[in-house]
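Chemist: Next come the chains, spelled out residue by residue.
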Amino acid sequence: MVDDLVTTRGDDVEAILEFLTRLVAQFQSPALAFLLGGMLLAALGSRLEIPDAIYKFLVFMLLMRIGLKGGMQISEANLGEMLLPMLFAVLIGCSIVLLGRITLARLPGVRGEDGIATAGLFGAVSGSTLAAAMVLLEVEGMEYEAWAPALYPFMDIPALILAIVLANLYLQRRAPATGTRLLAERQPVRLWPIVKDSLQGSALSALLLGLALGLLTEPASVYEDFYDPLFRGFLSVLMLVMGMEAYARLEELRRVAHWYALYAAVGPLLHGLLAFALGTIAHLVTGFSPGGVVLLAVMAASSSDISGPPTLRAAIPTANPSAYVGASTSVGTPVAIAIGIPLFLGLAEAVFGQF
Amino acid sequence: MVDDLVTTRGDDVEAILEFLTRLVAQFQSPALAFLLGGMLLAALGSRLEIPDAIYKFLVFMLLMRIGLKGGMQISEANLGEMLLPMLFAVLIGCSIVLLGRITLARLPGVRGEDGIATAGLFGAVSGSTLAAAMVLLEVEGMEYEAWAPALYPFMDIPALILAIVLANLYLQRRAPATGTRLLAERQPVRLWPIVKDSLQGSALSALLLGLALGLLTEPASVYEDFYDPLFRGFLSVLMLVMGMEAYARLEELRRVAHWYALYAAVGPLLHGLLAFALGTIAHLVTGFSPGGVVLLAVMAASSSDISGPPTLRAAIPTANPSAYVGASTSVGTPVAIAIGIPLFLGLAEAVFGQF
Amino acid sequence: MVDDLVTTRGDDVEAILEFLTRLVAQFQSPALAFLLGGMLLAALGSRLEIPDAIYKFLVFMLLMRIGLKGGMQISEANLGEMLLPMLFAVLIGCSIVLLGRITLARLPGVRGEDGIATAGLFGAVSGSTLAAAMVLLEVEGMEYEAWAPALYPFMDIPALILAIVLANLYLQRRAPATGTRLLAERQPVRLWPIVKDSLQGSALSALLLGLALGLLTEPASVYEDFYDPLFRGFLSVLMLVMGMEAYARLEELRRVAHWYALYAAVGPLLHGLLAFALGTIAHLVTGFSPGGVVLLAVMAASSSDISGPPTLRAAIPTANPSAYVGASTSVGTPVAIAIGIPLFLGLAEAVFGQF
Amino acid sequence: MTTKATRLVIVTEKILHKEITRIIDAAGATGYTVTAAGGKGSRNVRSSGQPLVADSYPNIKIEVITADPAVAKQIADDVAARYFDNFSGITWLDEIEVHRLHKFQRQG
Amino acid sequence: MTTKATRLVIVTEKILHKEITRIIDAAGATGYTVTAAGGKGSRNVRSSGQPLVADSYPNIKIEVITADPAVAKQIADDVAARYFDNFSGITWLDEIEVHRLHKFQRQG
Amino acid sequence: MTTKATRLVIVTEKILHKEITRIIDAAGATGYTVTAAGGKGSRNVRSSGQPLVADSYPNIKIEVITADPAVAKQIADDVAARYFDNFSGITWLDEIEVHRLHKFQRQG
Ligand SMILES: Nc1ncnc2c1ncn2[C@@H]1O[C@H](COP(=O)(O)O)[C@@H](O)[C@H]1O
Ligand SMILES: Nc1ncnc2c1ncn2[C@@H]1O[C@H](COP(=O)(O)O)[C@@H](O)[C@H]1O
Ligand SMILES: Nc1ncnc2c1ncn2[C@@H]1O[C@H](COP(=O)(O)O)[C@@H](O)[C@H]1O
Ligand code: NA
Ligand code: NA
Ligand code: NA
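Chains as they are written, first to last, in my numbering: chain B, 1 to 355; chain W, 356 to 710; chain P, 711 to 1065; chain E, 1066 to 1173; chain U, 1174 to 1281; chain Z, 1282 to 1389.
Calculated from the structure, these hints are not laboratory results.
Even for Gly, the Cβ is constructed at its ideal location relative to N, Cα and C.
Honestly, I wouldn't trust all of these hints.
Across the chosen pairs, the derived CB separations fall in these ranges [claimed, not checked]:
hint : chain 1 : residue 1 : chain 2 : residue 2 : range
1    : U       : Asp1258   : B       : Leu44     : 53 to 59 Å
2    : Z       : Asp1306   : W       : Gln383    : 55 to 61 Å
3    : Z       : Asp1306   : E       : Gly1093   : 37 to 43 Å
4    : E       : Asp1150   : U       : Glu1268   : 46 to 52 Å
5    : Z       : Asp1306   : U       : Glu1268   : 24 to 30 Å
6    : B       : Leu44     : P       : Glu848    : 42 to 48 Å
7    : U       : Asp1258   : W       : Trp547    : 41 to 47 Å
8    : P       : Glu853    : W       : Trp547    : 51 to 57 Å
9    : U       : Pro1242   : P       : Trp902    : 48 to 54 Å
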């Protein structure tokens, strides 16, 4: 018994050491290195500029690549396997928002709609963070179903919709008192316009088009010659932009309640662990791969950076973007990439053993 | 005899089946898939955006690649072989314009200058359509002379010039009546400014610079490491833009006479077949390759999308661009790519047998 | 004795012939070919356009690639070897400026501050010219220390600073007479702001970030899959832009004293030879590689095109940018690339024999 | 020959592009001109949520010229009432002289 | 100290950039400022022929400031006569106050 | 309801962006709007040193609206004194009518 415990403890120590080693290694991985590099540049006042046109194109390339790969690998056989993870993705997205609704949004100094919008952003998914995890899994040789990244919209859209619905309910209840005319007017929240708006956004458009092309046409040649080889490189540039952005937003974050910083630091890890747990169930039930579990956890840990903010801005206009964008960009994303990814990877190794 | 006929009919059926198979396959080829994807996105109201700067760079890369390859392969030995196809290219470009002049431009509801400008655009050549055909030929393993794409300007420039001259003649004859002051003034149409303007445009500049560099310098390393590998990928993005553009122009096309839609649907195929016939003559006389014949047909079938419109706009200002751009972008280009390319390819297989 | 002399003369002739062969070959190398192509296009009035966003991204890619490679190869072992070349780099940068100060800046018709600013620009370094030399060395198989390109800032920054200090001293001495209020006011030239401004510029930022990432993290995968393979291609496009720019600036150069043209034509070669001599000393003392010597000479011969002009413009506002930018862009850079690079390469072969 | 007309200028967040041009059309203006703009105002307290780093022109400047000042007034009022509680933006009017007045008059 | 001057604004298709600046120079103006613009006008019936999707700013807005109103008038007239039958475009005038008047006066 | 206000426009080289906005802030203006611009002026004798070929908009146009004309005057004077000997640039004033005057008034 005692012996057993000691072994376990020894194992624990080893596991922790391994996690720390991985953490340090992760800090040297290109994705995180460029992210930190971007923060550093911004902090030092560099005038380096990645033009807007390039940024938009990089995002397109990244999501098109994810979509193409997913679409090329989905076949009818997969649809059965996909069902449970898809369901879990929806469940996770919604749970994160509800969790934020009953914690962050109720804290003193946090306006209800600001808290709900923040929860919505953290429930939604960041394509770049997901891409960083995919690259790392490939480096580590941990396999995942090619359709796993295509779970993205199943977590992203429900989270955004739920947040918008909750914010509207919240504002309506308060409406008579504060007279937020506009929102109070359009009483029943219509869901379809929100879904449509999400799907029409540049990020999901590219992802879904990629999926459709991968599924219905034969893009293998252009995928292998172009979208795939440029993937890591474009990701590194995107991470640089995200790092600069993270630093630039710190100022805004500082102006809102400190709770946002706390939420943004702890939330990604909790959300990821929740997703990891559900993913593990899917592993046991339908054989969802360990790599897939990690990606599900990373999606949960990530917070939307491209499509989420404008959607929320348009749909919850009274919410303060400094709060939700600041929290997500400045703290949430760096935490998800720097701590979340190696944590879930280490956990997968510990839980699923040699894969 | 009867037996013979039956066999022939059987062959016919087979050929048609093969064409249809190819047509379906072509719909799955990256070029067409991205074109249709772009139309779909635009139809669904997606906010996906390929920035103008990226679009310009893609066009540059594509035409530079075509030029470099052509230039690298042209040697003095080729100049002899090139002569007949070059002559035919000029002839085809001019014939298409003349054909449009005596058909489309005379139809009721079609203004003379609008019809002539449209014919000019269809006589000119689209670099992207040509590129799509080149990629497909490579996939199919059908060889072509590396200088064949360099026939481009020999069809493009004469077609534009002839259209401008015809439009001016037409307007001058009408001038006293309608008083189109401006055009009537500069009575003799000066050709050199038009040629110069064409050559100075971004598309032909890039193509010709590529040709010159390929011919006179040693760009093989940069061609093989950069321009060639990125070719298909950039083409896919360009096709996406063209698809979005095609949909966006439909509205404009709807506002002009229906004859434009008919011309744009039938013209590319007729023009391509005419070129195919002349190309076959060149094949018999000087051994022009089957792949070269297909490219010549595709050039004829294509209509200019980058350099043609501004040239015509400046030189025939009274012509309505909604007519000619709408017809070319919304109907002509999709027809040339989706039906024209597989048709000419199938024809080449039928006519030239195993190549 | 006589025999000996004859042999030497024969060798000389051979060496000259070889240099000429190399010169012709260099004119066919992609870098120079695209540079000349750009000039030609501009001269012919082409409307070809490489958008600003693309240009900025190309510069970023190039310098990031140089930095990453340098950083990945610098280890503690190297720091000892680097010391002497670094010292020489500083020395060369400053010597070029001082040389310009006592020659160009004193010529009749040359305003003092204009001459000094020009000398500063020629003392500073062009990343693209350096990149062109790197590609050529690789083609020729002449090895160099991977950290050699990282000598860049050690020549660049001191040259710019010294020029700014000298210009201020010059203007202060003249101040009472001409009343150049502004510059006279801030009497002691503060160095740190200038250094900081240099380091924060987009070019040095990218280079230094690349160095840091290469040194501290593991970017090998993204370097090999992305930054390195795209290097030559992007350089070719950048050279095209530089060629167009060179032609566009000729007009400006024509408006200032002819001395600038002379200085810009002869300076690069003299500066390069000076650096070659010092590099050879480093070769003898610490084994600095022949390729490294060539790169040091090319840096000296090159004149800053991206970061130098805005730095000088801000710090020596009274200097006329038409003079220094015109001289550098229109004459200095083409001379450095077209004549300088093959000259130093030939010299290295002659001096260091088979390497 | 020129005629007096009113020029309304709106500077606001890019995200409102579609909504504002819809208001302009609805008010019966004959057209508008849009340019990309950056800037600073009182909104320093709230971010637009758009990427800061990559896009130096996150605003748009919309100019509407109308022969009838009432149209300009209505657009300005509508836009302010609908958006300026929650989005940054300013509007101003300028009296100008147009050539070819018919281009700025509602037909029919 | 400021002086009254005239500001002419032309919004038209990008394709006319070179031609219009030539007219401006010829009329004796001392300079002009160009910005990229998008927009909507009566030309909905005719397209500019430039890519719609990729380029959201297919127009240009040109501003010319002149000390002499006659110069502005001549430019406006010339541009309209030469191009506005077949190209889209509008022009308007604004009275402004310039600093450093000499910058807007033709030398000699 | 609208109120008279002053609109100061500065067209100058992009390189001065930071410096000029600093002057604007220091003068107590409540904001400014910046657009990318190209153009031609008297500076044909001196180049801006920025890439000509790639960047067709090497200038910026800055607009500052102030309730108090003195603020506009001070900015124009400061900018001209500090930069216009060595950099190209012009400034002009326009009288406009703003909505929501408080947005253009210095608080406190
Ligand atoms: N005083 C001002 N002068 C010129 N532009 C302004 C001014 N104040 C605000 N703006 C512009 O209007 C936008 C929105 O202003 P605000 O609603 O105050 O944040 C700013 O980003 C500026 O582009
Ligand atoms: N009423 C208006 N207000 C502001 N800009 C206009 C107006 N009408 C036209 N424009 C601009 O002028 C361009 C050409 O107008 P049009 O000739 O009417 O097609 C449009 O694309 C707009 O940018
Ligand atoms: N008369 C003018 N009208 C409009 N813009 C002008 C005028 N003169 C100069 N500019 C603008 O101001 C900038 C600087 O002018 P300058 O200092 O004269 O070189 C030019 O590049 C133009 O953008
Ligand atoms: Na999430
Ligand atoms: Na054609
Ligand atoms: Na140098």
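Chemist: Hints first: check each against the structure and report whether it holds.
Modeler: Evaluated hints:
Roughly 56 Å separates the CB atoms of aspartate 1258 of chain U and leucine 44 of chain B, a value that falls within the hinted 53 to 59 Å. For the pair aspartate 1306 of chain Z and glutamine 383 of chain W, the supplied restraint of 55 to 61 Å holds, since their beta-carbon distance comes to about 58 Å. Hint check: aspartate 1306 of chain Z to glycine 1093 of chain E, Cβ distance near 39 Å, so the stated range 37 to 43 Å holds. Taking the beta carbon of each, aspartate 1150 of chain E and glutamate 1268 of chain U are about 35 Å apart, not inside 46 to 52 Å as hinted.
Between aspartate 1306 of chain Z and glutamate 1268 of chain U, the C-beta spacing of about 29 Å keeps the proposed range 24 to 30 Å intact. Take leucine 44 of chain B and glutamate 848 of chain P: their Cβ atoms lie about 32 Å apart, and the range 42 to 48 Å is violated. The hinted window of 41 to 47 Å between aspartate 1258 of chain U and tryptophan 547 of chain W is violated, with their beta carbons roughly 26 Å apart. The supplied range of 51 to 57 Å is met by glutamate 853 of chain P and tryptophan 547 of chain W, whose beta-carbon atoms lie about 53 Å from each other.
Between proline 1242 of chain U and tryptophan 902 of chain P the C-beta distance comes to about 52 Å, which sits within the given range of 48 to 54 Å.
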